[in-house]
Structure formats: structure tokens, C-alpha cells
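Colleague: Single-letter residue listing:
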Amino acid sequence: MKLERKVYATRGEKVGDFVIGIGVWFGINIVLGFLLAFGAGMFAGVFASLDARGSENIIGLVTMVLNCLPFVLNGAALIFFAFTRHWIALGMAAAFGVSILLVICAAVLFAGVCFAAMSGAIK
Amino acid sequence: MSPILFEISGVKIYAHGFFLLLGLLVGFAWLIVEARRRHWPKEELIPITLAAFIGGMVGARLAILFFHGWEVAPIVLNFYALFDPRIGPGSILGGVAGAYIAGYIASRAIGKAGCACDAFAPAMALAMAVGRIGDYLAAEDGLGKATNLPWGVPVPGVDYLVHPTPLYDSAFNLVWFGTLIVLRDHPRMQDGNLLKVGLAGYAIFRFLVEFVRNNTVLVFGLTGQQYFCLALLGALAIYYARQWQLARKTISA
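If you read the sequences in order, they're chains A and B.
Sequential numbering of the first sequence, starting at 3, is according to my numbering.
Sequential numbering of the second sequence, starting at 209, is according to my numbering.
Since the hints were derived computationally from the structure, they do not count as laboratory data.
Small disclaimer: the values here were computed from a predicted structure and weren't measured.
Hints may contain errors.
Straight line, CA to CA, 30 angstroms or less: simulated DSS-like cross-link-like pairs of lysine-lysine [what the hints assert, rightly or not]:
(1) B/K250 - B/K320
(2) A/K16 - B/K250
(3) A/K16 - A/K4
(4) A/K8 - B/K250
Estimated spans, in silico, between C-beta atoms of each pair [to be verified]:
(5) B/E251 - A/F112: 21 to 29 angstroms
(6) A/G41 - B/I412: 29 to 37 angstroms
(7) A/A108 - B/G319: 33 to 41 angstroms
(8) A/G14 - B/V427: 38 to 46 angstroms
(9) B/G319 - A/G14: 56 to 64 angstroms
(10) A/G29 - B/A461: 54 to 62 angstroms
(11) A/V64 - B/H247: 36 to 44 angstroms
(12) B/V219 - A/G77: 32 to 40 angstroms
Idealized CB from N, CA, C, for every residue including glycine.
Produce the entire structure from the sequences given, and follow the hints as far as they go.
Modeller: In C-alpha cells, the structure reads:
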């Protein structure tokens, strides 16, 4: 599949796509977050009620796969838009980057110990 | 050691988070200085830096899976855990790899000819030199193995002195930053070579310092971080061997 790269003629087009990118990133991830939380909860409830052997492992595995989905979707969307409408990708990346930077700022107040040190506590 | 750096009106400021943020800000600031010096246009600087930052953060987190094993997968593979301020980003080595890959993809996406990534090399070293001070103050991973050397330091929970490995890292990166600054205008250190040399230098140092750190040994007495460094050095060796062969062919033709 050959990706067609959009050529931006005006500043307005660029700003428009940048804003769309921000909206798309927050929209997709907030909706996806709710759907996954709801879906995983529902799956866990249904599966636990079946009282199947090893259900905890299966619930854990499915929840992990579902939680992993946003990595794939965000990565795919960013790369797709980067090669087609790169101002949308830039908007998405800006939203993603600023969100992470805010989290790092918050880490100053919330311990923010390294993952390695946390791994024992969060297993 | 002082995991809590100071308090402002009863609000605790944690050393790890503080120096992580300070390291990033100092690194960004140096990157801007370096980009201006190299006349790197902002139309290229912004998307590549943004991609490298995101790639770095995601890479740092995902690399934990390789270094700490499958039991941390529920957290590592949870996208939304990236936005939990109680969990640090993860591994600097994974961060470097993720930043490199994402920066490369962004460069290709914007159709950038050649490589402007050399501007990142001293900035990364400076950021790590600052960030590692927070790891030391937070006594991360028990700092290092036991030592009788005069600069061994006490850590909470043990009654012996240990290697202050984050300070080794910080000191190395400060010296390495100076070295990269000296090398940055050398004709052979252009077109991505400065970054590659920067990464190789850190990989060699990190391979060695891992022998006195507390990371999990995988096989043959080496940690996951050491295998990562060996893989990185191997990839760079293959790249330069191919470049050397191409140059020889061009000369003979």
C-alpha cells in the first residue's frame, strides 16, 4: 500500500489538522480507556461466574492483552498519520508528549521512584 | 541519601522525580542550543524531538519487560500506567533505543535528507548526568554491590557500604558530555556519527558498571542491561563495517 502524503497549502490547514490530532489522541484514548475498563470488568465477571479452572490466569492474560491494545493503536495511528497527514500526527504527538511531561512534573510530588524499584511492590 | 529533597509548605518534593524533570529540561535546553548552532530548522527539530521523547518514554517502559521478566508485564504492557506519576519511566537503555527508533521514523516521515541527530548526543549525556543524581538520592535499587573502597556509601537496610553507581553514571556522563562537545565539529563526527559514538561510549561504560550494580543476572553472569549493551555495540560494529566496505568499494571503483 502506497501512502499518499498530503501537501498543505495554507497555514489554516496545518492548524486545523494539528487541532484534529490533539482531539483524536485524547478522544481515542479516553474512549478506549473506558471501553477497556468496562470490557475487562465484564469479561472477568462472566468468566469468574463460570468457575472454570485457571480462570484467574485467563482473566489476567486477556486483561493484559486488552491493556496492551492502546500501545498498538497509538503507534499505528501516529505512524499512519506521519506518512499521510503529518500535522495530525504532530497534534497527536504533542498531546501525548505534553501528557507525559505533566506526569513527570507530577512525579516530583508523588515519589516517582524508578520502575525497577517499584517492580517488587506492584507485582 | 535523601529521597525527599525538600518540603514546600508541607508538600514533599521527591529527589527522583525532581532530578528526572531537571535532567529532561536541561537536556531539552542543550538540544535547542545545539540545534541553533547547527542551523537545524524548527520544522525538523520539533517533530523529531517530540517523536524521540515519546519513543524514549515508551521504550523505557517496555524495556523493563526484558530486564525484569514477565511478572511485570501487567504494568509494563498497560498503556495507561504510562500516566501514573507513582511509577518512574523505566530503563534509560530502553529509553535511548525507543528515542532512536521514533526519531528515525519521524525523520523519514518529514522527508529529512541525512541525519541531524548529532545534536542529541551531548544533550542526552547532560540529561543523564543530572538525572542520575536523583537515582542516587533515592537510593535506587540499593545503589550497588558491597565495597570496601573509600568512596563506598551506606544505604538504608544494609550494614555495609555499597558502590554509589548512579554517581559513577553521573560522573561518566558529565565527562562524556565534555568529550562530545570537543568532538562535535570534527568532520568525521557528522551525519549521525557523533550520536553513534555517544551511544557506543555509554554502552561500554554501562556494560562495565553493571558488574557492580544490583540488576538481575540472566545467563553467563551477565545482566539484561549488559546483553542490551552488547547488542547495541554489535549493531554499531556491523554498521561501521558496512560503511568501511562501501568506502573501499567506492575508492577502488
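Colleague: Take the hints in turn and mark each one as holding or not.
Modeller: Now the hints, each set against the structure:
Distance hint between B/K250 and B/K320 is fulfilled; the C-alpha atoms sit about 12 angstroms from each other, no more than 30 angstroms. With a C-alpha separation of about 15 angstroms, the suggested pairing of A/K16 with B/K250 holds against the 30 angstroms cut-off. Taking the CA atoms of A/K16 and A/K4, the gap is about 22 angstroms. The hint holds against a cut of 30 angstroms. Under the criterion of a C-alpha separation no larger than 30 angstroms, the hint pairing A/K8 with B/K250 is consistent with the structure, at around 20 angstroms.
Distance hint check for B/E251 and A/F112: the Cβ-Cβ separation is about 36 angstroms, which falls outside the suggested range of 21 to 29 angstroms. Roughly 46 angstroms separates the CB atoms of A/G41 and B/I412, a value that falls outside the hinted 29 to 37 angstroms. For the pair A/A108 and B/G319, the supplied restraint of 33 to 41 angstroms holds, since their beta-carbon distance comes to about 36 angstroms. At roughly 58 angstroms, the beta carbons of A/G14 and B/V427 sit outside the given window of 38 to 46 angstroms.
For the pair B/G319 and A/G14, the supplied restraint of 56 to 64 angstroms is violated, since their beta-carbon distance comes to about 22 angstroms. Look at A/G29 against B/A461: about 55 angstroms separates their beta carbons, and that is inside 54 to 62 angstroms. Between A/V64 and B/H247 the CB atoms are about 52 angstroms apart, so this pair departs from the stated range of 36 to 44 angstroms. Checked against the hint of 32 to 40 angstroms, the pair B/V219 and A/G77 passes, with Cβ atoms roughly 36 angstroms apart.
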